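K.L.:
Heads up: the sequence shown begins at 4 in the numbering used here, then just goes up one per residue.
Worth flagging that the hints you see were computed from the coordinates, not collected in a lab. Predicted model, so just to flag it, every value in this text is computed and none were measured. In this text, a Cβ means the ideal position worked out from N, Cα and C, and glycines have one as well. Possibly wrong hints are sitting among the right ones.
[Stated by the list, open to error] For each label pair, taking beta carbons as the anchor points, the in silico distance ranges come out as: (1) 34 to 54: 28 to 34 Å; (2) 48 to 10: 27 to 33 Å; (3) 9 to 53: 32 to 38 Å; (4) 44 to 9: 22 to 28 Å; (5) 53 to 10: 31 to 37 Å; (6) 56 to 19: 18 to 24 Å; (7) 10 to 56: 39 to 45 Å.
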Amino acid sequence: KAITGGTDAQGEVSVGVEQNGQQVTGRGAHTDIVVASAMAFINGLNRLEARAGSVSPMAPVRAALGGV
4 KAITGGTDAQ
14 GEVSVGVEQN
24 GQQVTGRGAH
34 TDIVVASAMA
44 FINGLNRLEA
54 RAGSVSPMAP
64 VRAALGGV
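Required output: the full structure, derived from the provided sequences and hints.
P.N.:
Listed below in structure tokens is the structure:
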């Protein structure tokens with residue numbers, strides 16, 4: 004769905020991801036709906052990993068920011 008208006012509107016995507024009975028919702032927002040969809044899927048995968056204790060929930064964010 005659109006979260007802003009105009010020609011450069013941001014679209015928001017929510018996807019459900021399930022693995023081994025664990026269900027999470029991933030979310031992403033971008034002006035390109037395909038990019039927003041990919042971001043939502045990756046967000047869901049990161050949430051599954053965080054639930055499994057494999058990574059901290061902020062690890063992907065820190066990695067994207069260069070280890071901040």
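K.L.:
So, for every hint listed, does it hold in this structure?
P.N.:
Hint check results:
Between residue 34 and residue 54 the CB atoms are about 30 Å apart, so this pair conforms to the stated range of 28 to 34 Å. At about 31 Å, the beta-carbon gap between residue 48 and residue 10 stays in the expected band of 27 to 33 Å. Between residue 9 and residue 53 the beta carbon distance is about 34 Å. The supplied range of 32 to 38 Å therefore holds. Checked against the given bound of 22 to 28 Å, the beta carbons of residue 44 and residue 9, roughly 26 Å apart, stay inside it.
At about 36 Å, the beta-carbon gap between residue 53 and residue 10 stays in the expected band of 31 to 37 Å. Between residue 56 and residue 19 the CB atoms are about 21 Å apart, so this pair conforms to the stated range of 18 to 24 Å. At roughly 43 Å, the beta-carbon separation of residue 10 and residue 56 lies within the given 39 to 45 Å, and the hint holds.
Against the hints set out earlier in the document, no violation occurs for any number.
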